[in-house]
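Colleague: One letter stands for each residue in the lines below.
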Amino acid sequence: MMNGVDAELTDAELVARCRNGNDECWRQLVERYSRYVYAISVQAFRLPESDADDVFQEVFARAYEHLDKLRDDAALRPWLAQLTRRLCIDTLRSGSREQPAGEDIEPEGVDDTIEQIDEALAVHEAMRTLPDHCAEILDRFFARDESYRTIGEALELPSGTVASRISRCLTRLRGELEGEGRNAAPAQSGGWR
Amino acid sequence: MSTHDEERIADLLRLLRPAPEAWVRAAQEIPLASRGFDDVVERARADDRFRRALIADLEAALAAEGYEPDPRLIEALRRQLPAE
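Going down the list, the sequences are from chains C and P.
Going by my numbering, the first sequence opens with residue 230, and the numbers climb by one from there.
Going by my numbering, the second sequence opens with residue 50, and the numbers climb by one from there.
These are calculated hints, taken from the structure and not from any lab test.
Quick reminder that beta carbons are idealized off the backbone N, C-alpha and C, glycines included.
Honestly, I wouldn't trust all of these hints.
Not everything, but these chain P residues come out facing chain C in the computed CB check (under 8 Å) [unchecked claim]:
#1 72
#2 118
#3 121
Restraint-style ranges between C-beta atoms, simulated for each label pair [to be verified]:
#4 C:325 with P:91: 37 to 45 Å
#5 C:360 with P:63: 16 to 24 Å
#6 C:384 with P:98: 56 to 64 Å
#7 P:108 with C:294: 19 to 27 Å
#8 P:91 with C:297: 18 to 26 Å
#9 C:338 with P:88: 24 to 32 Å
#10 C:360 with P:95: 54 to 62 Å
#11 C:407 with P:114: 55 to 63 Å
The whole structure should be built from the sequences, with the hints applied where relevant.
Modeller: Here it is in structure tokens:
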């Protein structure tokens with residue numbers, strides 16, 4: 230359980246509960262997809278942070294407002310991706326008045342980057358099956374860019390242990406992705422996905 | 050994912066960096082702002098004095114009635130009020 234909500238709820242379950250006014254589920258939905266929406270706007274569309282902030286808030290505001298229009302509750306991810314993409318394009322358009330009509334305003338390689346972001350989300354999904362200490366250390370090192378020293382201080386571990394644990398956890402994650410760890414016990418609380 | 054070498058996994062993990070905490074918090078509070086909006090609109094429909102106060106000075110009228118000055122709420126009300 231996480232903040233009173235089952236962290237293992239599927240997207241469809243989460244959406245259904247949000248529709249019924251469950252604020253805690255809404256909080257979890259935002260937590261679950263915050264990195265995804267952020268990555269599309271900043272990595273795929275290369276928006277500056279100020280524009281990305283506007284897009285981020287607008288994506289979730291519209292998602293909340295139109296949750297009842299989502300035809301398939303399990304299709305939350307592609308719906309959010311599409312919403313984010315559309316808002317990023319609007320933002321680029323509004324900031325580029327000299328863009329010739331019909332000219333493609335999307336940065337080169339957007340589709341490839343979004344494909345990679347989708348893949349990254351699947352990797353994060355797999356991290357939820359790892360023990361908590363693995364998910365945390367991999368997240369701190371790779372996604373949060375923390376040094377061995379910072380991680381060591383936060384987790385009260387020597388730097389050498391941090392390095393070896395990262396390596397072990399990465400191998401374990403690889404195993405999960407390749408289906409080797411299907412019978413492994415799920416993490417008690419993923420914290421994020 | 051077709052291949053799973055560890056370098057590739059590491060690159061993918063780097064792609065999903067955390068969004069700034071303040072952004073996430075603001076998005077998580079959308080339902081609260083939304084409820085404030087419905088409440089204000091309903092009151093403005095029922096109470097002509099409150100409605101006139103909102104049109105005259107939206108932020109001051111909200112503050113006087115104890116509403117949090119949420120920018121999204123204020124923006125939504127600005128859009129809504131002339132149509133009311």
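Colleague: Against each hint, give a clear statement of whether it holds in the structure.
Modeller: Hint check:
1. 72: Check passed: Cβ of residue 72 (chain P) comes within 5 Å of chain C, closer than 8 Å.
2. 118: It is violated, given that the least Cβ distance between residue 118 (chain P) and chain C is near 16 Å, above 8 Å.
3. 121: 7 Å, holds
4. C:325 with P:91: 37 to 45 Å: Holds, at about 41 Å.
5. C:360 with P:63: 16 to 24 Å: 21 Å, holds
6. C:384 with P:98: 56 to 64 Å: 58 Å, holds
7. P:108 with C:294: 19 to 27 Å: At roughly 23 Å between Cβ atoms, residue 294 (chain C) and residue 108 (chain P) fall inside 19 to 27 Å, so the hint holds.
8. P:91 with C:297: 18 to 26 Å: 20 Å, holds
9. C:338 with P:88: 24 to 32 Å: For residue 88 (chain P) against residue 338 (chain C), whose Cβ atoms are near 46 Å apart, the range 24 to 32 Å is violated.
10. C:360 with P:95: 54 to 62 Å: For residue 360 (chain C) and residue 95 (chain P) the Cβ distance comes to about 55 Å; the hint holds.
11. C:407 with P:114: 55 to 63 Å: 59 Å, holds
The structure does not agree with the numbered hints 2, 9 stated previously, though it agrees with the rest.
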